[in-house]
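In order, the protein sequence lines correspond to chains A and B. So the first sequence is residues 1 to 154, counted in our numbering. So the second sequence is residues 1 to 106, counted in our numbering.
Please keep in mind that the hints were generated in silico from the structure rather than gathered at the bench. These numbers were taken from a predicted model, which means no experiment stands behind them. Hints are not guaranteed to be accurate.
Computed list of lysine-lysine pairs in DSSO-like fashion (alpha-carbon distance at most 30 Å, straight line) [claimed, not checked]:
1. A/50 <-> B/60
2. B/81 <-> B/60
3. B/21 <-> B/81
4. B/60 <-> A/52
5. A/52 <-> A/84
6. A/49 <-> B/60
7. B/21 <-> B/60
8. A/52 <-> B/21
9. A/49 <-> A/84
10. A/52 <-> B/13
11. B/21 <-> A/50
12. A/84 <-> B/81
13. B/21 <-> A/84
14. A/84 <-> A/50
15. A/50 <-> B/81
16. B/13 <-> B/60
17. B/13 <-> B/81
18. B/60 <-> A/84
Just so you have them, the derived chain B footprint on chain A, three or more residues with Cβ under 8 Å [to be verified]:
19. 36-43
20. 64-78
21. 111-118
Between beta-carbon pairs, the in silico distance windows are [said to hold, decoys possible]:
22. B/35 <-> A/81: 24 to 32 Å
23. A/62 <-> B/82: 37 to 45 Å
24. B/43 <-> A/4: 44 to 52 Å
25. B/31 <-> A/85: 20 to 28 Å
Each residue gets a CB set at the ideal place from its N, CA and C atoms; glycine is no exception.
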Amino acid sequence: MMETRRIFLVRSAGLVALAGGVLAGGRSQATPQAMAALIAEIAAGREIKKGKVTLDLPPLIDNGNAVPMTVTVDSPMSERDYVKTIHVVNEKNPQPHVIVCHLGPRSGRAAFSTRIKLADAQTVTAIAEMSDGTLWMDSASVIVTLAACLEDIL
Amino acid sequence: MARALINVPQQAKPGEIIEIKALISHPMETGFRVGHNGQLIPRDIVQTFICTYDGEEIFKADYSPAIAANPFISFFTRATKSGDIVLTWRGDNGFEASETVHIQVA
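Excised from the complex, chain A in its bound form:
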């Protein structure tokens, strides 16, 4: 049978995917399981509800080396009701940790901004722990064109 262009392309794509998988296998990479384990550690048996937290990340980013990120939590930030900690975790960087911020009633507004590295297109999750012990979360998925962290200096 003559090999049509379509069959050739399908086969080549398969080979590329296979090679990619083999090459990526040797790298250390956080998995969604590692992220789940870290979230379980943060939760410590408590329930994490969706809401109150807003994780602001661009949906598409050219360069994963510096991705602007803003986390805002809906809280009055009074002496009796404030945000204690904000955790940010990711699923595909070499490690699931991104940042942990400790706030207090003095903060006035529960928000912070920074720039992070993302090694791949993935979902990032922010979890806020309130002064009463409840946990709230938000997730955002980002498509990264140029990955960070793992690139070699050549």
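Following the hints, put chain B in place on chain A, whose structure we already have.
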């Protein structure tokens, strides 16, 4: 001494919520990259950032290698009285940098 850029309002009213922005020059080497000789480049990151206002800790952040090079942070605090705002970064290989800004509250 690492170069740092800090943006804090010079004056504020009592109880006003102010934004503090800080940027420090640091490579934030992840420890996962391979260098010219095929060896991993050792990790060199800023591990913690602490902000104190008039001696009281108001904000603290634990960084990981997933923070971009030249880490930038912006956060809020309530201006209470005139005093010094001290920003301190600590990291691998004994890295430590500290900057002080004065705020006038009236």
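Evaluated hints:
At roughly 25 Å between alpha-carbon atoms, residue 50 of chain A and residue 60 of chain B fall within 30 Å of each other, so this suggested pair holds. Among the hinted pairs, residue 81 of chain B with residue 60 of chain B is consistent with the structure: their alpha-carbon atoms are about 20 Å apart, no more than 30 Å. For the hint linking residue 21 of chain B to residue 81 of chain B, the alpha-carbon distance of about 19 Å falls within 30 Å, and the restraint holds. A hinted pair counts as satisfied when its Cα atoms are at most 30 Å apart, and residue 60 of chain B with residue 52 of chain A qualifies at roughly 21 Å.
In summary, the hint linking residue 52 of chain A to residue 84 of chain A is supported, as the alpha carbons are separated by about 14 Å, within the 30 Å threshold. Proximity of residue 49 of chain A to residue 60 of chain B is assessed by CA-CA distance (about 24 Å); at most 30 Å being required, the pair is judged to hold. For the hint pairing residue 21 of chain B with residue 60 of chain B, the CA-to-CA distance comes to about 13 Å; that is within 30 Å, so the pair holds. A threshold of 30 Å between alpha carbons decides the hint, and for residue 52 of chain A with residue 21 of chain B the separation of about 24 Å falls inside it, so the pair holds.
In summary, the hint linking residue 49 of chain A to residue 84 of chain A is supported, as the alpha carbons are separated by about 16 Å, within the 30 Å threshold. For the hint pairing residue 52 of chain A with residue 13 of chain B, the CA-to-CA distance comes to about 29 Å; that is within 30 Å, so the pair holds. Among the hinted pairs, residue 21 of chain B with residue 50 of chain A is consistent with the structure: their alpha-carbon atoms are about 29 Å apart, no more than 30 Å. For the suggested pair residue 84 of chain A and residue 81 of chain B, the alpha carbons sit about 23 Å apart, so the restraint of at most 30 Å is met.
Proposed proximity of residue 21 of chain B and residue 84 of chain A is supported: the alpha carbons are some 20 Å apart, at most 30 Å. For the given pair, residue 84 of chain A sits about 17 Å from residue 50 of chain A by alpha-carbon distance, which is consistent with the 30 Å threshold. The straight-line distance between the Cα atoms of residue 50 of chain A and residue 81 of chain B is roughly 37 Å, outside the 30 Å bound, and the hint therefore fails. Pair hint residue 13 of chain B plus residue 60 of chain B holds up; C-alpha atoms about 24 Å apart against a cutoff of 30 Å.
For the hint pairing residue 13 of chain B with residue 81 of chain B, the CA-to-CA distance comes to about 9 Å; that is within 30 Å, so the pair holds. Distance check on the hinted pair: residue 60 of chain B and residue 84 of chain A sit about 11 Å apart at the alpha-carbon level, within 30 Å; holds. Coverage of the region 36-43 of chain A by chain B is violated. Counting CB-CB distances below 8 Å, 0 residues qualify, and the rule asks for three or more. With 3 residues bearing a CB less than 8 Å from a CB of chain B, the region 64-78 of chain A meets the requirement of three and the coverage assertion stands.
Residues of the region 111-118 of chain A lying with their CB closer than 8 Å to a CB of chain B number 8, which satisfies the three-residue condition for coverage. Separated by about 49 Å at the C-beta atoms, residue 35 of chain B and residue 81 of chain A break the suggested range of 24 to 32 Å. Taken as a hint, the range 37 to 45 Å holds for the pair residue 62 of chain A and residue 82 of chain B, whose Cβ atoms sit roughly 44 Å apart. Between residue 43 of chain B and residue 4 of chain A the beta carbons are some 50 Å apart, a value that agrees with the proposed interval 44 to 52 Å.
The beta-carbon spacing between residue 31 of chain B and residue 85 of chain A, approximately 25 Å, falls within the hinted interval of 20 to 28 Å.
Checked against the numbered hints above, the structure violates hints 15, 19, 22; every other hint is satisfied.
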